[in-house]
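Q: Chains as they are written, first to last, in the numbering used here: chain A, 1 to 174; chain B, 175 to 348.
There could be a bad hint or two in this list.
Calculated pairs, DSBU-like style, for lysine-lysine (alpha carbon to alpha carbon, straight line, at most 35 Å) [unchecked claim]:
hint: 1; chain 1: B; residue 1: Lys280; chain 2: A; residue 2: Lys105
hint: 2; chain 1: A; residue 1: Lys140; chain 2: B; residue 2: Lys247
hint: 3; chain 1: A; residue 1: Lys140; chain 2: B; residue 2: Lys344
hint: 4; chain 1: A; residue 1: Lys69; chain 2: B; residue 2: Lys314
hint: 5; chain 1: A; residue 1: Lys140; chain 2: B; residue 2: Lys243
hint: 6; chain 1: A; residue 1: Lys105; chain 2: B; residue 2: Lys314
hint: 7; chain 1: A; residue 1: Lys106; chain 2: B; residue 2: Lys223
hint: 8; chain 1: A; residue 1: Lys106; chain 2: B; residue 2: Lys280
hint: 9; chain 1: B; residue 1: Lys344; chain 2: A; residue 2: Lys170
hint: 10; chain 1: B; residue 1: Lys279; chain 2: A; residue 2: Lys49
hint: 11; chain 1: A; residue 1: Lys105; chain 2: B; residue 2: Lys344
hint: 12; chain 1: B; residue 1: Lys314; chain 2: A; residue 2: Lys140
hint: 13; chain 1: B; residue 1: Lys243; chain 2: B; residue 2: Lys314
hint: 14; chain 1: B; residue 1: Lys192; chain 2: A; residue 2: Lys18
hint: 15; chain 1: B; residue 1: Lys192; chain 2: A; residue 2: Lys106
hint: 16; chain 1: B; residue 1: Lys314; chain 2: A; residue 2: Lys2
No lab work stands behind these hints, which were simulated from the structure alone.
There are 2 protein chains.
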Amino acid sequence: MKRIAIDMDEVIADFNPKMLAAFNHRFSENLHLSDLQGFTIQQLRPALKEQIEEMIGEPDFFSDLALIKDSQKVIRKLSERYEIFITTAAMEFPGSFNAKFLWLKKHFSFVSSMNIVFCGNKGILHADYLIDDNARHFIKFSGEGILYTAPHNVHLVGYRRVENWQEVAKIFLS
Amino acid sequence: MKRIAIDMDEVIADFNPKMLAAFNHRFSENLHLSDLQGFTIQQLRPALKEQIEEMIGEPDFFSDLALIKDSQKVIRKLSERYEIFITTAAMEFPGSFNAKFLWLKKHFSFVSSMNIVFCGNKGILHADYLIDDNARHFIKFSGEGILYTAPHNVHLVGYRRVENWQEVAKIFLS
Numbered sequence: 001m002k003r004i005a006i007d008m009d010e011v012i013a014d015f016n017p018k019m020l021a022a023f024n025h026r027f028s029e030n031l032h033l034s035d036l037q038g039f040t041i042q043q044l045r046p047a048l049k050e051q052i053e054e055m056i057g058e059p060d061f062f063s064d065l066a067l068i069k070d071s072q073k074v075i076r077k078l079s080e081r082y083e084i085f086i087t088t089a090a091m092e093f094p095g096s097f098n099a100k101f102l103w104l105k106k107h108f109s110f111v112s113s114m115n116i117v118f119c120g121n122k123g124i125l126h127a128d129y130l131i132d133d134n135a136r137h138f139i140k141f142s143g144e145g146i147l148y149t150a151p152h153n154v155h156l157v158g159y160r161r162v163e164n165w166q167e168v169a170k171i172f173l174s
Numbered sequence: 175m176k177r178i179a180i181d182m183d184e185v186i187a188d189f190n191p192k193m194l195a196a197f198n199h200r201f202s203e204n205l206h207l208s209d210l211q212g213f214t215i216q217q218l219r220p221a222l223k224e225q226i227e228e229m230i231g232e233p234d235f236f237s238d239l240a241l242i243k244d245s246q247k248v249i250r251k252l253s254e255r256y257e258i259f260i261t262t263a264a265m266e267f268p269g270s271f272n273a274k275f276l277w278l279k280k281h282f283s284f285v286s287s288m289n290i291v292f293c294g295n296k297g298i299l300h301a302d303y304l305i306d307d308n309a310r311h312f313i314k315f316s317g318e319g320i321l322y323t324a325p326h327n328v329h330l331v332g333y334r335r336v337e338n339w340q341e342v343a344k345i346f347l348s
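Bound-form chain A, shown alone (with noise of 0.2 Å):
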């Protein structure tokens, strides 16, 4: 049975809504999705970059995050025929820890906690698949990355990309 591994931040979970919703409320700002083409937050707004992510590493940030279109649907369906790991680089905020556990065992009830995996560098993943919005994921990764679309690398080449969970679907499913 192949594996695959699945991030979270912006690929099952709506980061990006909530992060702007949070974002404009604090520092009084009013970017949109369509500011982030290219660029993470941080990236954007670097003199912020440490108040931003203090904001981010909040314990309850990533709990009411919602649902990427169809990636419960796919995922449970993929489940069926692939070992499935969702493996998220949560090193990075680890006042996270409980808020993202408890996201995964509320709307991926059906991947089990032990396949559920916290870390930082996912070089360290034995899989034959990542999907992940972070190409530097897969510089130090064994399988194939597939980048998953999102703001942020929209401009990146050179990785097999899939738009939405649909394009996941066709890839393994079909």
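With the hints as your guide, set chain B onto chain A.
A: For chain B alone, coordinates are given in the frame of chain A:
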């Protein structure tokens, strides 16, 4: 550079003394380390399994574990010649994420946070060696499992075994 994955509890963090003290206090018993030869505490007191796991799962349980002798010194030396990851099965006790992370930052600050992994199924790890006291993790692991002696595993055969960190040093540093 070869990669060594190292478990936490009973390998670098001295779980049993704290666990026995807490268990004896809570359940008015008088168990000693010698009672655990060949057993986990849950196997020895199956009727209390749920309550024991509740106790271990309390948020601060892992925060004040002592270091296993020589682990710090030997891993510091290993980290000059190997890529070191600390890989702990934290998903069994999700309440313990923060305490485990802070313990590692305190005692193993020379291991990057990016090289800390919280997982359940260690088959997901891509490493050359896994030093662990639980042989069940070796079954799906793609590298070589090295069994670190702990009371519960003393009767187990079939794996390369190390009794202490000096023996680990002999294998990897001589």
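Q: Give a verdict on every hint.
A: Hints versus structure:
1. For the hint pairing Lys280 (chain B) with Lys105 (chain A), the CA-to-CA distance comes to about 29 Å; that is within 35 Å, so the pair holds.
2. Note on Lys140 (chain A) and Lys247 (chain B): the hinted pairing holds, with a Cα-Cα distance of about 28 Å set against a maximum of 35 Å.
3. Taking the CA atoms of Lys140 (chain A) and Lys344 (chain B), the gap is near 29 Å; set against the 35 Å cutoff, the hint holds.
4. About 33 Å separates the Cα atoms of Lys69 (chain A) and Lys314 (chain B), which keeps this hinted pair within 35 Å; it holds.
5. For the hint linking Lys140 (chain A) to Lys243 (chain B), the alpha-carbon distance of about 33 Å falls within 35 Å, and the restraint holds.
6. Restraint check: the Cα-Cα separation between Lys105 (chain A) and Lys314 (chain B) comes to about 24 Å, which is no more than 35 Å; the hinted pair holds.
7. Our distance criterion of 35 Å between C-alpha atoms is met by Lys106 (chain A) and Lys223 (chain B), whose separation comes to about 25 Å.
8. The straight-line distance between the Cα atoms of Lys106 (chain A) and Lys280 (chain B) is roughly 32 Å, inside the 35 Å bound, and the hint therefore holds.
9. With a C-alpha separation of about 51 Å, the suggested pairing of Lys344 (chain B) with Lys170 (chain A) is violated against the 35 Å cut-off.
10. At most 35 Å may separate the alpha-carbon atoms for a hinted pair to count; Lys279 (chain B) and Lys49 (chain A) meet this at roughly 23 Å.
11. Using a Cα cut-off of 35 Å, the hinted pair Lys105 (chain A) and Lys344 (chain B) is violated, with the two alpha carbons roughly 43 Å apart.
12. With a C-alpha separation of about 21 Å, the suggested pair Lys314 (chain B) and Lys140 (chain A) falls inside the 35 Å cut-off, and the hint holds.
13. Among the hinted pairs, Lys243 (chain B) with Lys314 (chain B) is consistent with the structure: their alpha-carbon atoms are about 29 Å apart, no more than 35 Å.
14. A distance of roughly 41 Å separates the Cα atoms of Lys192 (chain B) and Lys18 (chain A); the hinted pair therefore is violated under the 35 Å criterion.
15. Distance check on the hinted pair: Lys192 (chain B) and Lys106 (chain A) sit about 32 Å apart at the alpha-carbon level, within 35 Å; holds.
16. Of the pairs offered as hints, the one joining Lys314 (chain B) and Lys2 (chain A) holds, with about 13 Å between alpha carbons and a cut-off of 35 Å not exceeded.
In the structure shown, a violation is registered for the earlier hints numbered 9, 11 and 14, in ascending order.
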